[in-house]
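Spelled out, the chains give:
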Amino acid sequence: MNGDKVIRELVRILGPSRVLHKPHQLHTYNCDAYVAKTSLPRAVVFPESTEEVARIVKLLHENDIPFLPRGAGTGLSGGATPLNGEVIVSLVRMNRLLRVDFDNLRAVVQPGLVNLTLTRKITNKGYYYAPDPSSQSVCTIGGNLAENAGGSHCLKYGVTTNHIVAAKFVLPTGNVVDIGQPFGDPVGYDLLGLVVGSEGTLGIATEITVRILKKPQAVKTALALFDRVSDASDTVSDIIRAGIIPAAIEMMDQLAMQAVDKSNYYVGYPADIEAVLLIEVDGMAAGVEETSQRVVEICKSHNVRTVKVAENDAERALWWSSRKMAFGATGRISPDYIVQDGVIPRSRLTEVLHKISEISRESGLRIANVFHAGDGNLHPLICYDSRIPGETEKAIKVGSAVLKVCADVGGSITGEHGVGIEKLEEMRFLFTDTDLAAQLAIRSVFNPKDLCNAGKLVPKPSRCVEVRHAQRIIEQNADFFGGFQEQTELMSPSK
Amino acid sequence: MAKTAVHLADMAQRSTSFPWPDAPEEDQYSVCVHCGFCLEVCPTYQQLGDENHSPRGRVHLIKEASQGLLPLDESVINPVFTCLDCRACETVCPSGVQVGALIEEARGQVHYQEPPSGLSGAVEKLFLRGIFPRPARLKKIRRLMRFYQMSGLRTAVHKMGLLKVLPMHLRELEAVIPDITEQSALDALPELMPAQGARKASAGLFTGCVMDVFFSDVNMATVRVANRNGLDVLVPKEQICCGALQVHAGDREQARKMARHNIDVFERTGTDYIIINAAGCGAALKEYPELFKDDPVYHEKAEQFSSRVRDISELLVEVGYERPQGEVNCTLTYHDACHLCHAQKIRSQPRELLKSIPGVNLVEMVDADRCCGSAGIYNLTHPDMAGQLLERKMDDIPEGVEAVVMGNPGCMMQIKAGVERRKVDLDVLHTVELLDLAYRREGNHDERR
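Top to bottom, those sequences are chains R and B. For the first sequence, my numbering gives the first residue as 46, with consecutive numbering after it. For the second sequence, my numbering gives the first residue as 210, with consecutive numbering after it.
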């Protein structure tokens, strides 16, 4: 089948209203929230069931047409950008909450359900879904699964992988498999662990079973303003050292504070402070009051200028939205930005921030810092203007230099935003060609024709010998890999 | 040579698709960082799931057209016109993109390029150029409609089933047209109605056109409530329609003419404030300066004018109001008109006024600030989407309420149509109507609603 025929077939499967394929309909899908690279898709399709996803994927697989899944398109590393003229499988119409089992703390959702919508739907019974990326009001749980999304409260509660227990998954061949265990630990290989965070390169989740939690009895949130970043960093380390596990510790620097204070989410930070910490503790009412007092004391022992505990929910909500809207608010101070996502050992915070400001000075690009200080996950926002020739490339280089600093102190190049297309080259800071070849070999098991979100997450090993090595592994094990596919077909309950 | 030719062709290709005056500006759309936080609050994206019909998508398309990467064809025109102009995206946007202004300016470019055609073109031409800007014709229409209602013609038409030729949504709207009063407030009211008690300030009443045709009682109530709270109310008789619908449709030239006229009229009146009870008009009046980016003289005048404009609920809370003593025993819910909450950021004031009325039990509805689908004349030009949004709004009205209260005539018509469609027992009221009722009942405690 040629491309046009495949489009006609897609229209036949989904109906004309659920297939965008005319060139003029495709421009808004040429990137996600990572805007430094754009590329037009071949089509955008809107399936509404697992069966439809499987039929579409099978068709595309059989006709060697590349494709990729997309949720709300809020990803910050280009994971949903169609580099190879993919057919975009948009999952936004699969947005239902299918079942909730309050007794056993489980919910079954479709991938297009918005993260915060799940919480909104169960909140009146006192439950919530814990992972809370800043984009939670928009981003989908399917996208969260693909990126293994984090969030402010992951310090205490863990990231997405700790909250997804099972999934129905359409493999890049179109076969449907069930992976994970709704209850109990994984039996056999932890395929769910592999799939969560695979950035859409191993298939498309169409039904996701997540853990839900009872809302904590009490929450206290403190806002602490520091004259010096080093004092704020020391405070973070001391809180953890004291044996306190806060639900969240967030930090913003001066430039980030200026940006949000120019937005609808105005808090009114003093212009001359260097850092603000947002510290939240939660749990049983009896302990929370005492812990929050202890947090305030620790702040005071580190030259805090002012520290205040939120008086009511409205104040608490304002502080949080100020933090969560910080990325977008960067638009108030710069026409474009790249947000990086490095992770460092917490104790190196002051030193790394110093190095980042040196990089900023040398490059002439401003860098605002917003981060999950508790788990050492930095988000330097590199401000640039794409209209100035060469500045986009410069910003990309600066981002890379920042990640090098993180990797050099023993950290990582991504905490929660994923590698996508943005950090492909930086994977080499962490992995050798042999490591990368092993990862590609795994991908080939699921994605034998490399049609599903090709060119993301894992760079091709730079030495040909490694590529050949990876290919050899696959060829030698062809029987096994083929067998895996047959097995999965047998396993599929929808057969 | 060949190289130069290619280069020139390149240049030509990159020339903007927005060549006319008053185009969307780079400074406005480059503010968007493409984060996508606006998607989930956009009613059309919620319904369609298509990013072409999301705020981020629309701004992206406007940007590409402006940079000449896209022609000004259906790729841009369609998404720009499916927008409700409800501005919910502006409320959440961390970056502060003025999506409403961008959309309106892009529509202006479309208007220059091709005069509106088809159904929406016909509707626009009739209402936006033919009727609304011309007070005499508006008056005539008003009289015709009253004749239709009072003469028995309406009854006859209904009996004979003549309305069946109309599409469903128009039949529903016809069914909910309120009884037209003999005179509009603009004609009926004297030019000055002095404040009761101590005078706090003077206010010129902007009577609006839809409000004054269909809901002139709301204007009367507004005057009584304002007088009661120490405001002299003046009614400049030469005022005309504010031009909001023209701005929404992209007919900025017509809108500018109307704005200039109103600015001059209210300049002569010289009141401290200009009060308005229609959210859509209020937002337009406050945004008059946007229309005069290329006219420094009127830009200055428009700034001066807009700084005096207040929604009635906003002004009462600002200058202080007397808590009414009369009881209105009613369980009600409040619907945020988009142009009140998103465009003017007025949310707490109407709620405060309602809660001040003894006997009122205000029950919040979920997503009170999601558009009801009225959106100016959107319910006439895009009946399908408008109908879907109306259904959702009706679903969200809490059980057991007796009234839905709001601050915009378009929403009132739309939600009345929803009430008619569902055959439910529900009053649709303006905030000042209830407040006025409470004042009028003072000293008369046992009267029931």
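Note that these hints are calculated values from the structure, not bench results. For each residue, glycine too, the CB sits at the ideal point set by N, CA and C. Don't take every hint at face value.
[Claimed, not checked] Restraint-style ranges between C-beta atoms, simulated for each label pair:
{"hint": "1", "chain 1": "R", "residue 1": "G60", "chain 2": "B", "residue 2": "V374", "range": "29 to 37 Å"}
{"hint": "2", "chain 1": "R", "residue 1": "K259", "chain 2": "B", "residue 2": "E512", "range": "49 to 57 Å"}
{"hint": "3", "chain 1": "B", "residue 1": "K502", "chain 2": "R", "residue 2": "E470", "range": "32 to 40 Å"}
{"hint": "4", "chain 1": "R", "residue 1": "L475", "chain 2": "B", "residue 2": "E573", "range": "44 to 52 Å"}
{"hint": "5", "chain 1": "B", "residue 1": "E462", "chain 2": "R", "residue 2": "L475", "range": "58 to 66 Å"}
{"hint": "6", "chain 1": "B", "residue 1": "E629", "chain 2": "R", "residue 2": "G229", "range": "50 to 58 Å"}
{"hint": "7", "chain 1": "B", "residue 1": "E476", "chain 2": "R", "residue 2": "R273", "range": "52 to 60 Å"}
{"hint": "8", "chain 1": "B", "residue 1": "Q392", "chain 2": "R", "residue 2": "G60", "range": "51 to 59 Å"}
{"hint": "9", "chain 1": "R", "residue 1": "R144", "chain 2": "B", "residue 2": "V374", "range": "54 to 62 Å"}
{"hint": "10", "chain 1": "B", "residue 1": "R352", "chain 2": "R", "residue 2": "R144", "range": "58 to 66 Å"}
Hints, verified against the model:
At roughly 31 Å, the beta-carbon separation of G60 of chain R and V374 of chain B lies within the given 29 to 37 Å, and the hint holds. In this structure, K259 of chain R and E512 of chain B meet the distance hint of 49 to 57 Å, their C-beta atoms being roughly 54 Å apart. Between K502 of chain B and E470 of chain R the Cβ separation comes to about 44 Å, which falls outside the hinted range of 32 to 40 Å. A beta carbon spacing of about 50 Å between L475 of chain R and E573 of chain B agrees with the range 44 to 52 Å that was offered as a hint.
The given range of 58 to 66 Å is respected by E462 of chain B and L475 of chain R, whose C-beta atoms sit roughly 60 Å from each other. Under the hint 50 to 58 Å, the C-beta atoms of E629 of chain B and G229 of chain R, about 55 Å apart, fit the expected range. Remark: the range hint 52 to 60 Å for E476 of chain B to R273 of chain R is upheld by a beta-carbon distance near 54 Å. The beta-carbon spacing between Q392 of chain B and G60 of chain R, approximately 53 Å, falls within the hinted interval of 51 to 59 Å.
At about 47 Å, the beta-carbon gap between R144 of chain R and V374 of chain B misses the expected band of 54 to 62 Å. A beta carbon spacing of about 60 Å between R352 of chain B and R144 of chain R agrees with the range 58 to 66 Å that was offered as a hint.
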